[in-house]
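K.L.:
Given the coordinates of chain D, assemble chain W onto it according to the supplied hints.
If you read the sequences in order, they're chains D and W.
Okay, so the first sequence: first residue is 1 according to my numbering, each after it adds one.
Okay, so the second sequence: first residue is 1 according to my numbering, each after it adds one.
These are computed hints drawn from the structure, not numbers from a lab.
Warning: the hint list may mix true and false statements.
Unchecked claim - Using C-beta positions, here's what the derived DEER-type ranges look like:
| hint | chain 1 | residue 1 | chain 2 | residue 2 | range |
| --- | --- | --- | --- | --- | --- |
| 1 | D | Glu-15 | W | Trp-144 | 55 to 63 angstroms |
| 2 | W | Val-111 | D | Gly-77 | 46 to 54 angstroms |
| 3 | W | Arg-371 | D | Gly-72 | 56 to 64 angstroms |
| 4 | D | Asp-16 | W | Ile-284 | 58 to 66 angstroms |
| 5 | D | Arg-188 | W | Glu-370 | 48 to 56 angstroms |
| 6 | W | Trp-144 | D | Asp-16 | 55 to 63 angstroms |
| 7 | D | Ala-136 | W | Leu-187 | 33 to 41 angstroms |
| 8 | W | Arg-88 | D | Asp-16 | 24 to 32 angstroms |
| 9 | D | Ser-89 | W | Phe-280 | 21 to 29 angstroms |
Claimed, not checked - In silico DSSO-like links for lysine-lysine, alpha-carbon gap of 27 angstroms or less:
| hint | chain 1 | residue 1 | chain 2 | residue 2 |
| --- | --- | --- | --- | --- |
| 10 | W | Lys-286 | D | Lys-162 |
| 11 | D | Lys-119 | W | Lys-357 |
| 12 | D | Lys-162 | D | Lys-119 |
| 13 | W | Lys-37 | W | Lys-93 |
| 14 | W | Lys-286 | W | Lys-331 |
| 15 | W | Lys-37 | W | Lys-162 |
| 16 | W | Lys-357 | W | Lys-331 |
| 17 | D | Lys-24 | W | Lys-93 |
| 18 | W | Lys-288 | W | Lys-331 |
A quick note: this is a predicted structure, and the numbers were derived from the prediction, not measured.
Backbone N, C-alpha and C fix where the C-beta goes; we use that ideal spot for every residue, glycine too.
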Amino acid sequence: MSDTLHEPNLALHVEDLTVSYHGKPVLWDIDFDVPPGVMAAIVGPNGAGKSTLIKSVLGLVPSVAGHVTLFGRPYRGARRRVGYVPQRSSVDWDFPTTALDVVTMGLYGRLGWLRRPGKRERAEAMAALVMVGMEAFAGRQISQLSGGQQQRVFLARALVQKADVYFLDEPMAGVDATTERAIVDILRRLRDQGKTVIVVHHDLQTVRSYFDWMLILNVRVIAQGPVNDVYTADNLRRAYGGQIALLDDVTAPHPESPAAATSEDKSVGKSADDARNPPADSALGNIARETP
Amino acid sequence: MSLLALLSDYTLQNVAIGAALLGLVSGVLGSFAVLRKQSLLGDTLSHAALPGVCLGFIVGGGRHMGSILAGALITGALAALVMLLLTRMSRLKTDAALGISLSVFFAVGVVLLTYLQGGNNASQGGLDAFLFGQAAATLRSDLWIMGGISVFALALVAALWKEFKLVSFDTQFAATLGLPVAWLEALMTVMIALAVVVGLQMVGVVLMAAMIIAPAVAARQWAHRLESMVLLAAVFGIIGGVSGAMISALARGLATGPLIILSLSSVVIVSLMFAPGRGFVWEILKLKRDRRQLRYQQVLTTLYRLASHHSDPGYRLDQGMVDAYHRTNTKRALDRLMRRGLVTLTTPPSHEPGQRKQWVLTAEGYREAERILDSLGQEASA
Chain D
1 MSDTLHEPNL
11 ALHVEDLTVS
21 YHGKPVLWDI
31 DFDVPPGVMA
41 AIVGPNGAGK
51 STLIKSVLGL
61 VPSVAGHVTL
71 FGRPYRGARR
81 RVGYVPQRSS
91 VDWDFPTTAL
101 DVVTMGLYGR
111 LGWLRRPGKR
121 ERAEAMAALV
131 MVGMEAFAGR
141 QISQLSGGQQ
151 QRVFLARALV
161 QKADVYFLDE
171 PMAGVDATTE
181 RAIVDILRRL
191 RDQGKTVIVV
201 HHDLQTVRSY
211 FDWMLILNVR
221 VIAQGPVNDV
231 YTADNLRRAY
241 GGQIALLDDV
251 TAPHPESPAA
261 ATSEDKSVGK
271 SADDARNPPA
281 DSALGNIARE
291 TP
Chain W
1 MSLLALLSDY
11 TLQNVAIGAA
21 LLGLVSGVLG
31 SFAVLRKQSL
41 LGDTLSHAAL
51 PGVCLGFIVG
61 GGRHMGSILA
71 GALITGALAA
81 LVMLLLTRMS
91 RLKTDAALGI
101 SLSVFFAVGV
111 VLLTYLQGGN
121 NASQGGLDAF
131 LFGQAAATLR
141 SDLWIMGGIS
151 VFALALVAAL
161 WKEFKLVSFD
171 TQFAATLGLP
181 VAWLEALMTV
191 MIALAVVVGL
201 QMVGVVLMAA
211 MIIAPAVAAR
221 QWAHRLESMV
231 LLAAVFGIIG
241 GVSGAMISAL
251 ARGLATGPLI
261 ILSLSSVVIV
271 SLMFAPGRGF
281 VWEILKLKRD
291 RRQLRYQQVL
301 TTLYRLASHH
311 SDPGYRLDQG
321 MVDAYHRTNT
331 KRALDRLMRR
341 GLVTLTTPPS
351 HEPGQRKQWV
361 LTAEGYREAE
371 RILDSLGQEA
381 SA
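Chain D on its own, in the form it takes in the complex (with noise of 0.2 angstroms):
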């Protein structure tokens, strides 16, 4: 794949990046491409170094090595076609401001020193909580938003920034039912229109249905590409190693096609077993590409 496009072409190119917390490495030596208009989840164990890749991304995270660029250029000469949603923790929600008011923030960056949002920017952060369902909690106090709803205010708020890529930080944590469905419907449709999503997912079962694109990580990459190729028993017990309990998600029947599923479990079993690394055209490649 990388190597049909070029370096501009690629919405995220990363190169031989290494990143140390205190003299441990966290990252080691990734390589890790994404094309532009994919949906791509990142994937690991905990402690993979999922969210300190984002945040190495977007200069959050000093790295020891290696090297950055979205669409062609560093971070800092692209940060205008960048989005991203933090974790929801990471911030205090008992902070005295309204869900409409933390939406605007996405456009402190365009405003520029000493301008402060008007009407028309209010009106665009409004267009932006219509987008994710929250226009009736405009004026609301954030710290009176449930956690679904205080994601989505945070998705809003990468919205307004009108981005290429977006990043997000473990979107689907801790919501509901309701709004990880609305989150993921709205990241479709960003693809659809041709921007690229990234987002480090902590949940295996939903990767297939959800994406396009993964990176399976731990410390280093384990596998890229698309799901379809990369998904296998193989990358990820080489990911998660003797975790079981995960494995056992990964074969267990997939809820929305239990037909391709059980078919898929022995197919699994046998490419792992006469391969280490299972053909892209696989019997499990065509069957997993059947799921929606």
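P.N.:
Using the frame of chain D, we list chain W on its own:
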């Protein structure tokens, strides 16, 4: 002394204006400190001002306000820097770093203070006033300095309002937008040091932390937006400052600084108790109301369940029956439900043996019970 004479008293005017300025600036800057969970920063910065006061005295060769305040600002900022380095370079957490920085700088300050008092300088006697403040010694010229600092700090807050707001709320997001977060945070810290400097003369280094924290904490209770919180904190600060000054003038001999803090503390206590939605009293009332509400709903749905079990919307129940179901006296709950028109008391038809009045759901009560059960069912399935 009559109120008019009091108001025209020159010294008191100075003190009141100074206290109002201090309340204003510390209320505004303290709001950001409290929201950034750095309330204790004010404490460290003010204690660390003491060595600066002494050094300013030595360098300036006497009790010159300019050099003393500059010294306070410099050592305050230095203490903040030490705190920052400690948290970055070591495994110390912020609270420990603040504590270490505070005590080391304050100890140096006290040593310098006693050293100066040991020497036979005629004017060194005024220095220990900076420990607890000596409002009465405020001169018009001091007010100009305090006023200048206040105007500068407030102008800065106005100019960088949205940047300060975003950095206080979500530092990471601010950084991705390209804001110079480290500089903005440093600026906010320096501004706390400015507030401390304004307050040195009035309340002294020991109590200054309360000036930073109290107005902001009280305002947070009432306000739902940063704008109103900061305004309210400024108003609380001014009220606390001026009333403290007034009380100390009415009762000669009582220290102004501590009285200012005490007036502010009473504002804080009232706010913590009575602020709508967040106050202590409010929470208790809400808890009681919720419990009572739950009791009505239970009684109402019991009547509904029995009625639908007997397939009779007009199913009648004795008071004793309802009590037995809930194993407690439900008379009051039923009375309330009747007042809201959800149940009625009816006399049974004459052919029935018992002739005591019985409870019956009204049509409205029937609908209300269905609505309650619906919403419970939704929550259970969600």
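K.L.:
All the hints need checking, so say for each whether the structure fits it.
P.N.:
Hint-by-hint comparison with the structure:
1. D:Glu-15 to W:Trp-144: 55 to 63 angstroms: Given a distance of about 59 angstroms, which is inside 55 to 63 angstroms, the answer is holds.
2. W:Val-111 to D:Gly-77: 46 to 54 angstroms: holds (53 angstroms)
3. W:Arg-371 to D:Gly-72: 56 to 64 angstroms: holds (59 angstroms)
4. D:Asp-16 to W:Ile-284: 58 to 66 angstroms: Distance hint for D:Asp-16, W:Ile-284 holds at roughly 60 angstroms.
5. D:Arg-188 to W:Glu-370: 48 to 56 angstroms: At roughly 38 angstroms between Cβ atoms, W:Glu-370 and D:Arg-188 fall outside 48 to 56 angstroms, so the hint is violated.
6. W:Trp-144 to D:Asp-16: 55 to 63 angstroms: holds (59 angstroms)
7. D:Ala-136 to W:Leu-187: 33 to 41 angstroms: With a Cβ separation near 37 angstroms, D:Ala-136 and W:Leu-187 satisfy 33 to 41 angstroms, so the hint holds.
8. W:Arg-88 to D:Asp-16: 24 to 32 angstroms: Holds - the Cβ-Cβ distance for W:Arg-88 and D:Asp-16, about 26 angstroms, lies within 24 to 32 angstroms.
9. D:Ser-89 to W:Phe-280: 21 to 29 angstroms: holds (27 angstroms)
10. W:Lys-286 to D:Lys-162: Judged against 27 angstroms, a Cα distance of about 42 angstroms means the pair is violated.
11. D:Lys-119 to W:Lys-357: violated (63 angstroms)
12. D:Lys-162 to D:Lys-119: Since the Cα atoms of D:Lys-162 and D:Lys-119 sit roughly 18 angstroms apart, the hinted pair holds (cutoff 27 angstroms).
13. W:Lys-37 to W:Lys-93: holds (13 angstroms)
14. W:Lys-286 to W:Lys-331: This hinted pair holds, its Cα atoms lying about 22 angstroms apart.
15. W:Lys-37 to W:Lys-162: holds (18 angstroms)
16. W:Lys-357 to W:Lys-331: Holds. W:Lys-357 to W:Lys-331 sits at ~13 angstroms (cutoff 27 angstroms).
17. D:Lys-24 to W:Lys-93: Holds, at about 20 angstroms.
18. W:Lys-288 to W:Lys-331: Roughly 18 angstroms separates the two Cα atoms, so the pair holds.
The structure does not agree with the numbered hints 5, 10, 11 stated previously, though it agrees with the rest.
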